[in-house]
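6 protein chains.
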Amino acid sequence: MKDIYIADLANFDEGKLFDGYFLVLAKQQRTTKTNKPYLNLILGDKTGQLEGRVWELSDPRIAKSFDRGDVVKARGSASRFDDRLQMKIDQLRLALPDEVDKTDLLPATTYDVADLWRQLLGFIESFTNPDLKRLLTTVLDDPALAQAFREAPAAKQLHHAWLGGLLEHVVSLLTLADRVAPHYPILDRDLLLTGVVLHDIGKVRELSWDIGFEYTVEGSLLGHIQMGTALAERTMDSLPDFPPRLKLLVLHMILSHHGKLEFGSPKLPMIPEALVLNFVDDLDAKMQAIQSEFDKSIREGKGPDELTGKVWSLDQRQLLNTRRWLGEAEK
Amino acid sequence: MKDIYIADLANFDEGKLFDGYFLVLAKQQRTTKTNKPYLNLILGDKTGQLEGRVWELSDPRIAKSFDRGDVVKARGSASRFDDRLQMKIDQLRLALPDEVDKTDLLPATTYDVADLWRQLLGFIESFTNPDLKRLLTTVLDDPALAQAFREAPAAKQLHHAWLGGLLEHVVSLLTLADRVAPHYPILDRDLLLTGVVLHDIGKVRELSWDIGFEYTVEGSLLGHIQMGTALAERTMDSLPDFPPRLKLLVLHMILSHHGKLEFGSPKLPMIPEALVLNFVDDLDAKMQAIQSEFDKSIREGKGPDELTGKVWSLDQRQLLNTRRWLGEAEK
Amino acid sequence: MKDIYIADLANFDEGKLFDGYFLVLAKQQRTTKTNKPYLNLILGDKTGQLEGRVWELSDPRIAKSFDRGDVVKARGSASRFDDRLQMKIDQLRLALPDEVDKTDLLPATTYDVADLWRQLLGFIESFTNPDLKRLLTTVLDDPALAQAFREAPAAKQLHHAWLGGLLEHVVSLLTLADRVAPHYPILDRDLLLTGVVLHDIGKVRELSWDIGFEYTVEGSLLGHIQMGTALAERTMDSLPDFPPRLKLLVLHMILSHHGKLEFGSPKLPMIPEALVLNFVDDLDAKMQAIQSEFDKSIREGKGPDELTGKVWSLDQRQLLNTRRWLGEAEK
Amino acid sequence: MKDIYIADLANFDEGKLFDGYFLVLAKQQRTTKTNKPYLNLILGDKTGQLEGRVWELSDPRIAKSFDRGDVVKARGSASRFDDRLQMKIDQLRLALPDEVDKTDLLPATTYDVADLWRQLLGFIESFTNPDLKRLLTTVLDDPALAQAFREAPAAKQLHHAWLGGLLEHVVSLLTLADRVAPHYPILDRDLLLTGVVLHDIGKVRELSWDIGFEYTVEGSLLGHIQMGTALAERTMDSLPDFPPRLKLLVLHMILSHHGKLEFGSPKLPMIPEALVLNFVDDLDAKMQAIQSEFDKSIREGKGPDELTGKVWSLDQRQLLNTRRWLGEAEK
Amino acid sequence: MKDIYIADLANFDEGKLFDGYFLVLAKQQRTTKTNKPYLNLILGDKTGQLEGRVWELSDPRIAKSFDRGDVVKARGSASRFDDRLQMKIDQLRLALPDEVDKTDLLPATTYDVADLWRQLLGFIESFTNPDLKRLLTTVLDDPALAQAFREAPAAKQLHHAWLGGLLEHVVSLLTLADRVAPHYPILDRDLLLTGVVLHDIGKVRELSWDIGFEYTVEGSLLGHIQMGTALAERTMDSLPDFPPRLKLLVLHMILSHHGKLEFGSPKLPMIPEALVLNFVDDLDAKMQAIQSEFDKSIREGKGPDELTGKVWSLDQRQLLNTRRWLGEAEK
Amino acid sequence: MKDIYIADLANFDEGKLFDGYFLVLAKQQRTTKTNKPYLNLILGDKTGQLEGRVWELSDPRIAKSFDRGDVVKARGSASRFDDRLQMKIDQLRLALPDEVDKTDLLPATTYDVADLWRQLLGFIESFTNPDLKRLLTTVLDDPALAQAFREAPAAKQLHHAWLGGLLEHVVSLLTLADRVAPHYPILDRDLLLTGVVLHDIGKVRELSWDIGFEYTVEGSLLGHIQMGTALAERTMDSLPDFPPRLKLLVLHMILSHHGKLEFGSPKLPMIPEALVLNFVDDLDAKMQAIQSEFDKSIREGKGPDELTGKVWSLDQRQLLNTRRWLGEAEK
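Residue numbers (my numbering), protein chains in the order written: chain E, 1 to 331; chain H, 1 to 331; chain G, 1 to 331; chain V, 1 to 331; chain W, 1 to 331; chain Y, 1 to 331.
Derived from the structure by calculation, the hints contain no laboratory data. Hints are not guaranteed to be accurate.
Each pair of labels, with its calculated beta carbon distance range [stated by the list, open to error]:
| id | chain 1 | residue 1 | chain 2 | residue 2 | range |
| --- | --- | --- | --- | --- | --- |
| 1 | E | G48 | V | A7 | 38 to 44 Å |
| 2 | E | Y111 | V | F18 | 57 to 63 Å |
| 3 | V | K302 | E | P37 | 54 to 60 Å |
| 4 | Y | G301 | G | A114 | 51 to 57 Å |
Lysine-lysine pairs mimicking DSS-like chemistry, simulated, CA-CA at most 27 Å apart [said to hold, decoys possible]:
| id | chain 1 | residue 1 | chain 2 | residue 2 |
| --- | --- | --- | --- | --- |
| 5 | V | K247 | V | K260 |
| 6 | E | K260 | H | K260 |
| 7 | Y | K260 | W | K156 |
| 8 | Y | K310 | G | K260 |
| 9 | V | K310 | E | K310 |
| 10 | Y | K247 | G | K302 |
| 11 | H | K36 | W | K16 |
| 12 | V | K46 | V | K302 |
| 13 | E | K88 | V | K27 |
| 14 | Y | K27 | V | K302 |
| 15 | W | K260 | Y | K286 |
| 16 | Y | K16 | E | K27 |
| 17 | W | K64 | W | K36 |
| 18 | E | K36 | Y | K310 |
| 19 | W | K310 | G | K310 |
| 20 | V | K310 | Y | K310 |
| 21 | Y | K310 | E | K310 |
| 22 | W | K247 | Y | K156 |
For the chain E half of the interface with chain G, some residues (derived, Cβ under 7 Å), not all of them [unchecked claim]:
| id | residue |
| --- | --- |
| 23 | L221 |
| 24 | G259 |
| 25 | L261 |
| 26 | G264 |
| 27 | K267 |
The structure displayed is predicted, hence computed values, not measured ones. Positions of the beta carbon are idealized from the N, C-alpha and C atoms, including for glycine.
Produce the complete structure using the sequences and hints provided.
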């Protein structure tokens, strides 16, 4: 584990020295007004990212020795310029391979990935529909895909935007959908849960997460809905005697899960399972965004009476943390 | 129980005589092209409504003896004119009070109202928050309101548009919300369930259900959101030491439960409980509408391959009955 | 060729007898106000459809001898009831197989299909990109698909809603796109024309055209964009060494050709060829709709000063036939 | 009266010293790039607000001696940094109570509040409807509410965003509505004027105006429409024999005065008086915004040929000052 | 004056004979189910229009003796068929020129046109701006235009859709604008009133009102905004030394008076006078529509508790007649 | 030709001296934090614009010797401050008239204007409709208008925003429309091309292009659609016996060419030629914007795998340069 994280610097004494390992997200040579050159960096780790400036380099070759995507060891101090936190870096070098723990460098789920994976497999194990069970088993038996499924974020920003976020989101949805399914007898539970597992599977190729979270070119041009549909169709076509009607319904659920044409689904939900999938997916994403916003308010020192910042996925709405506000009142 | 219902007439032999009791929803004196007067009626019962024509009246005083809102006993036959079913009525008289069972005359919930009511009270009993428990207990202790709550439809048309529909909808929502609440630790379960119980309470005055389902003038001018908020506020003001912050949150949940300004909520949900209330309310209304549409398709003799009619509350979308379609395939 | 067509009946003397062959689009047993049974039919041919009533059947078994989708020979007369044209049918029987020319029974392109097909192949022949040429050649070498491509309408209603309409639309677009391509040097002409050929290929399975034009269940749940994308992807995957970037661009063009999310494209055009495809597709559909509307105005006897009826695909706009209006002025 | 106001500083010689009293709207400790600490303030008075920096503090205890919401006496000079005006503060201390005139510290109406209040009472005096007269008299007889009504701004930003702005807006509307009412005989003048007086009354609790203009938590969660409706309902319920139909109409006018669901009114205007209220309210707010924008253009030295800045409440439109532009032409 | 009007027939005893003069709005030859020919007419006068059927013609030449746009004398009776009032016409002939009073045949303003005209001139007389005064004087001095201005309806349907409706609407607006102008000192009253007089002047050519109210081809292609702007521009160009800036403002007011691009104004109001013009125009149109709807409710026998029908220009809203509803309560 | 252009400075060594001539787009006196005055300029030429700062002026009179709109000779160096390129100017003087080539100072078409003009005249020469030919000939015979037509940009920003851009856009459109016209027989080619020539003619007065590109006051209040329509109408009115129907169609094409009310066209296209004009205008503008964006990406050193920046006229979409991306793959 690292000694110091980006998020720690907000409460760090100004001027106090730290040593830390960071991922280089951007690197630029610049000049001051008085024509003095300096190095401007964006450094990140799992807790966030920050601008850093190297005003004096002990050796000019250091600036050439690393690039975007590398990990560096930096010594410096934090300071605030125009109300924006910055790092002032005094010394810098490329990190050695054995100094780096990759999971420290990008935000990652706080859950145990192996445990999430076991939960996922447990849900599939519980299916009574043999065709849907072998479909999901086949998909997850592909080692490359399974590995990517465990690593992928669920989004570039917005909600569950961290390593393992996709898996965390899917397992949360499985639990939720499994609670909702018995309430409506018209629902086919296994079909609904299959939709949950596969709805965002295209994201393992839509996004890249080596250096920050980005869209791939393929992801930009096709989108995860199309990519996931194609993956599911190929897999079902490879399974002997997969029922054609069931195939159609599975594809429809992936296609329609955004719930509206203007959100990028080319078809609206036309079966009850697709409607429920769209609802729980939307609800879970928003609840996660609210939880993150509440955490952020506390981190930023806001009082219980203060509304959160504007939440992008809730139309820039500001929210109130019910429990905190009521707790405050009771004191 | 009535011998014959409106819905039965669709499959009745043309010309065969029936006797039945119906609620008069409209009455009009008209003339044929050849200047012959006749009586045109809209007659209804719990299974639907139908146009009926009285071509010959044994006694002209009969036409004066009843009005909109009365119950009549009619003898006649069913026939189809321009592809529209009609009743041809031969004899007609005002029904005697003891001949009429009011629950036969308007559509009503298929659930046992007493049982729904027990479930509702059971949920309130389970509350750990004493203030919310006494709020709901006080509201439901008002006998007139409790009676109206048991009778009211949840809507004029759309979803749960039948006697007892409001209670049925609320109990379904309580069950669903109770399943969802533990999944998100930031949720205050009792507050969420309180929102469920009160969100549509204004409908007991927004709608009237004596003769068909109509909006009252008050309902048209104020709406059930305002009426429910006022009722909740009055009740909380009457309770000694009701916590002011809790009052604010309860009012906010009623105000915001439609989820969007353009759906008539003057405020968007700004606390997690209000967001979840909006989601489960919307989901339950849509699932009920889908179920009704599936039932209607079967009643109309549509095959499993045929999509339903266009569902108003789902943007005129047509749906496919998953289970029926898959079942058909397996045969 | 048939002796009499639906469209002819509008100008037929009322009461004059005709004999004709028609496709049965709907059949219903009904009763008059006076309880007399009759048969109500919707009969169609390539020029339109009309309601027909059989008041007296020489033999009751005739009504059982045919069904929706059959072709019948009917003798009767045309009349106008409440300003709506109708057929009064006196005699009726199932048509013999050799009496029926299927192309007479549904609206069909006025172009020579073989000639359109030759033009299509000619455009592909002109490609300089070998990969795109073998892609299209492979697609059109599938005999079942080629047959469906020659028969399919381009839409259920709206534009090119006739047998061969899809091919007619594609050939018109190829000609237009080929004129536009050299005007913009950034355009890759072969890629653009490939998009034109494949953009609506999914319609061969989205629609059925045996008895009228209908959506298949598969078409309703997946849509022609997804179905066409899958077909193209499968074909490209089957071609050895098909360039992966080219594959991506072809798929993107099909996905994005509706030009807007709310029109069912899950991605907006992000390459110049996709943008141009969306423009020419939209323009050609609208110009065809205008031409049809002008033809209809003339058929209905409207004067040159009268605007057309409201055109659905042009936001219910009414149009003026420029040439006719100016011609009228010059006289 | 203060010697120097924020607005004066724009035309102040750079470097020239001033002394002034200001309200502290924000206070933050910061550090320069070279790790030197300084104090960053937002200081305001009735003419606007400005950033101020204290680079050297004679005594470090001074920074602790005041907080957001306090009034300070500052000596310093104005300067422009990156084209943005700033204060450079040399000396600073907490102001003494008798040095402060609160009306100098927040923007306030330029009208005489006592005179506006007399006009308001005069309109109520002129009512012929005794019930509406006693309703408004009762509301304004509450001393706390009357005081708040005289102080409250009409908005946080946008229009009439100054102390007394609510009263100024209401009196302007009364005058305007009184001119419009006789033009349409279907209008009930007293009802219309009652709606004018009460429509924004909820703003006295939706907003706070002690330190700048802010939304209260209650205001954020309920909104002034709900808060005003509740206040009016409580008052009418307290009046013996207040006609129930009149009560309903008064509540409807408050509820519907924003004119559209998407502007936060849960009901659209359904009586002529509510429609007119929405029109005059909207017009008056826009005319005030235009007037402010014209004043601002002159203050900023724009010529008569230049359009104003973009007006938020007019869809970011820019306006032309007719009279000024014509005057310029006549010279 | 005519003896009998269309509106009278609603309360006419069925079967009782009447004689009347009507404008022929449509004429069609039709046939009954049993092949019997009859004549179907739409007849109108200033109170409305009604379908009429001539079952037996004493002389077949009569049907050829008149056409759409002619006035006929008809003898017949009123009857109700399928709840729709109809005329059964027994005798019919072309009216003689001296039998016809044209103002009886189309709906017309209930105001005295000469008096409205005097009011219009009076407002212009009151102008202090000589350029605007000579502009309006010049426009209204054109006898053909003045005649059309006195006759034109203000719309095809919607509001003021009757002969003289344009003038009635303009005079109402002048009165209203003259009341509003002094309330806002930034307004140039003469410019505002000039905008009022000219804003809809293009309607004298956009609409035709010889036989019912229709759009001309020119009106359909250009619209009254463009036609009015061109007329105003031509007139101002013809006046020596008309100030160019004033010309620009007048044109801008006509262009922008619909207030929104989507309502057909190519520019939004950018001067205060244009904003006010848009407001009062919109308000006056809506108030007139409400008044008409209230009148219609009374004519149709609706009670004071019943909402009106849905008002097209108010988003299909239903309204409540305040005064009637309150009056009813007081009894 | 100038020695150095704004665009060159991006790749200029920091600190290296240059001499250049630039147009002064803005000039402001400012002060540093330490109260030192300096001069802040926006300098531009045909390749772009850049901020420049003069820290030391050899003679204070220099700052007074020039103003916005003048051309200056500057000596200085480029540097990057906070990642934004800037000029540091050491010496500065007003340029001499004979040192300035105006076409160097604003962005201008890369085509030969004389050649574009010849092409334009050539298209008109090819007309077979004599009325349309004399209309366009008359318009272009006005020397002032012809000069403005050759100079005007097609827009303030967005597409073809450079001197000669209007002419370049019109000639591109003529070529494109001439290719499309023969494809649809219902099109009147000469009418379509007339619409192309005149559709944006109002821009010669809507925009000014002396110092940067700005809207005139007249342009802001009336817009180029109205101004172009008026110009066309005046010209047609001046031609003896110009056919009135043709005049109406020409005006309609100018009015409707933006294709939607919300884009500022007061009428939607109602003739086929107007529809096609709207399509090709829209397509050409977008294709030009894409081409500019591709050029910019190359200039900025983006790789072939990188999407462009967000394109304003394509809903902030990012695009991929097909040819470059495929070319990269082939290497």
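Here is how each hint holds up against the structure:
As the Cβ distance of G48/E to A7/V is approximately 40 Å, the hint placing it in 38 to 44 Å holds. Taking 57 to 63 Å as the suggested C-beta distance range, the pair Y111/E and F18/V conforms, at roughly 59 Å. The hinted window of 54 to 60 Å between K302/V and P37/E is violated, with their beta carbons roughly 42 Å apart. For G301/Y and A114/G, the Cβ-Cβ distance of about 53 Å falls inside the hinted range of 51 to 57 Å, so the restraint holds.
The suggested pairing of K247/V with K260/V holds, with an alpha-carbon distance near 22 Å, which does not exceed 27 Å. Proposed proximity of K260/E and K260/H is supported: the alpha carbons are some 16 Å apart, at most 27 Å. With a C-alpha separation of about 23 Å, the suggested pair K260/Y and K156/W falls inside the 27 Å cut-off, and the hint holds. With a C-alpha separation of about 17 Å, the suggested pairing of K310/Y with K260/G holds against the 27 Å cut-off.
A distance of roughly 24 Å separates the Cα atoms of K310/V and K310/E; the hinted pair therefore holds under the 27 Å criterion. Restraint check for K247/Y and K302/G: the C-alpha separation of about 23 Å stays at or below 27 Å, so the hint holds. A threshold of 27 Å between alpha carbons decides the hint, and for K36/H with K16/W the separation of about 14 Å falls inside it, so the pair holds. A C-alpha spacing of about 23 Å is found between K46/V and K302/V, which places the hinted pair at or below 27 Å, so the restraint holds.
A hinted pair counts as satisfied when its Cα atoms are at most 27 Å apart, and K88/E with K27/V qualifies at roughly 25 Å. This hinted pair checks out: K27/Y and K302/V have alpha carbons roughly 16 Å apart, not beyond 27 Å. With a C-alpha separation of about 26 Å, the suggested pair K260/W and K286/Y falls inside the 27 Å cut-off, and the hint holds. For the hint pairing K16/Y with K27/E, the CA-to-CA distance comes to about 24 Å; that is within 27 Å, so the pair holds.
This hinted pair checks out: K64/W and K36/W have alpha carbons roughly 18 Å apart, not beyond 27 Å. Distance check on the hinted pair: K36/E and K310/Y sit about 33 Å apart at the alpha-carbon level, beyond 27 Å; violated. In summary, the hint linking K310/W to K310/G is supported, as the alpha carbons are separated by about 24 Å, within the 27 Å threshold. With a C-alpha separation of about 24 Å, the suggested pairing of K310/V with K310/Y holds against the 27 Å cut-off.
Distance hint between K310/Y and K310/E is fulfilled; the C-alpha atoms sit about 24 Å from each other, no more than 27 Å. This hinted pair checks out: K247/W and K156/Y have alpha carbons roughly 25 Å apart, not beyond 27 Å. At a threshold of 7 Å, the smallest CB-CB gap from L221/E to chain G is about 4 Å, leaving the interface hint in force. For G259/E, the suggested interface contact is broken, since its CB lies about 12 Å from the closest CB of chain G, more than 7 Å.
Contact between L261/E and chain G, as hinted, is supported at the beta carbon level, the nearest pair being about 5 Å apart and thus within 7 Å. A distance limit of 7 Å between C-beta atoms decides the matter here; for G264/E the minimum to chain G is near 5 Å, and the interface restraint holds. Taking 7 Å as the C-beta contact cut-off toward chain G, the hint placing K267/E at the interface holds, the least distance being around 5 Å.
Going down the numbered hints, you'll see the structure goes against 3, 18 and 24, while the others check out.
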